[in-house]
Amino acid sequence: MDPIVVIGSGLAAYSVIRELRKLDRDLPLTLVTRDSGDYYSKPMLSNALAQGKDAAGLVLTPAAEMAAQLHFTLCSQCEVSAIDALGKRVLTSQGELPYSSLVLALGADPIRIPVQGDAADAVLSVNDIADYARFRELLVSKARIAIMGGGLIGCEFANDLASAGHAVSVIDPGPWPIASLMPEQAGRQLLAPLAALGVDWRFGTSVSRVDHAASGYLLTLADGSQLPADLVLSAVGLRPRITLAQAAGLAVNRGIKVDAYLRSSDPAIFALGDCAEIDGKVQPFVLPIMHAARALAKTLAGEETPVVFPAMPVVVKTPAHPVAVLPVARDAVGSWQLRANSDGVKMAFLDAERCMTGFVLTGRYAAERSEMSKQLGLPLPAGAEGPLHGAKV
Amino acid sequence: MKVWQCVVCGFIYDETKGMPEEGIKAGTKWADIPENWACPDCGVAKADFEMIEV
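Order-wise, the sequence lines are chains A and B. Heads up: the first sequence begins at 10 in the numbering used here, then just goes up one per residue. Heads up: the second sequence begins at 2 in the numbering used here, then just goes up one per residue.
These are calculated hints, taken from the structure and not from any lab test. No experiment lies behind these values; they were computed from the predicted model shown. Just so you know, even glycine gets a beta-carbon here, dropped at the ideal spot from N, CA and C. Take these hints with a grain of salt, some might be off.
Partial pick of chain A residues on the chain B-facing surface, computed with a CB cut under 10 Å [to be verified]:
| no. | residue |
| --- | --- |
| 1 | Tyr48 |
| 2 | Pro52 |
| 3 | Ala57 |
| 4 | His300 |
| 5 | Pro322 |
| 6 | Arg378 |
With the rest of the complex left out, here is chain A (with noise of 0.2 Å):
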């Protein structure tokens, strides 16, 4: 039998095996990466310093020892060149590659904004641990750092330089800190407590140009105004890699289209994690690819699973001021309430017939979202704790 091939080394890669290796020892498994392989947990990049590590001290479990601990053939440094969706085999910088199924695990690649200027090529992005590795580098005896993009991500990495002794300077054309996830009064809250640490925050306005300073850059943003830096991060987002799906003749759209079974439009090919758009949704975050390895190596191993996400917050890892957020659709019908508010805001988003349906906690409100993930559902009664405001996002 030909084995399920696997394509990537992230989070979503490896555990899709680590799960399907719980329910079968035995089924061949060959896992292509264009990267070393080794395991490390993407979502301690923007907390390492923080941490005491360095890139490689990030590294969890080296890849050759995760092919004999689960049991898989490991093909590193090899590039994906298409896929043969017909041929059922999978073409490869190694050879040629036949699957019985195929996993695209593929992640996403960080947008770039257009910046003008002789110094456009410094920004620097981090998506994976070769990045940081790099960076880590470059930021040796930088002090000024400046990030472009004031998201989770962008937070994220402003709390940790600037407790290492950074001085940094967020960029964002935004109103608001993680204004995606987070109406205004949550994300005000992070204003202080990261400027307390130095932070120079900058909304609405974005870089326009990089130009080589005398030392450093010199930034100009689009109001006019200018930002000396040492070194630039860019941190706007990501975007699902798609290409090689899209060649193959897959159906795609922002990610590569599966359906609740991680099925992609062709039945032997099946895609979770950054790359992929599950019944419409792109959910690049930890918990989702958890629960979407667990269905789909219960399907992979002969039981077909459709992936049921439970509630899953989203945690920033802002030390400075905590946040855990249950986002809601852009579209939801509803409004923000205010339910408590001393040393950070606890903010629940209640439907037309007054039901919970997400929420955001920061600060000390943070650590309650196991509480608020159980009321879920319910209505809530006005005024619980505190004023009640309606706070239309």
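Position chain B against the provided structure of chain A, taking the given hints into account.
Frame of chain A, contents of chain B only:
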């Protein structure tokens, strides 16, 4: 007292601190955490946990 780390998401469990907000008292040993406990960050079940000593 030991410190354990979730290999999936990097979550740290420190036995000396426990997780009072999850109902786990300070000083609770890893071995004494209920089997149905899940990593609060990534949802990995305790039985599935691959913890490393840090």
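Results for each hint:
1. Using the Cβ-Cβ criterion of 10 Å, the hint placing A/Tyr48 at the interface with chain B is satisfied: the shortest such distance is roughly 8 Å.
2. Because the closest C-beta pair between A/Pro52 and chain B is about 5 Å apart, less than 10 Å, the hint holds.
3. The closest approach between the C-beta of A/Ala57 and any C-beta of chain B is roughly 9 Å, which is under the 10 Å cut-off, so the hint is satisfied.
4. Taking 10 Å as the C-beta contact cut-off toward chain B, the hint placing A/His300 at the interface holds, the least distance being around 7 Å.
5. The closest approach between the C-beta of A/Pro322 and any C-beta of chain B is roughly 9 Å, which is under the 10 Å cut-off, so the hint is satisfied.
6. Interface hint at A/Arg378: satisfied, since its Cβ lies 7 Å from the closest Cβ of chain B, which is below the 10 Å cut-off.
The structure agrees with every numbered hint stated previously.
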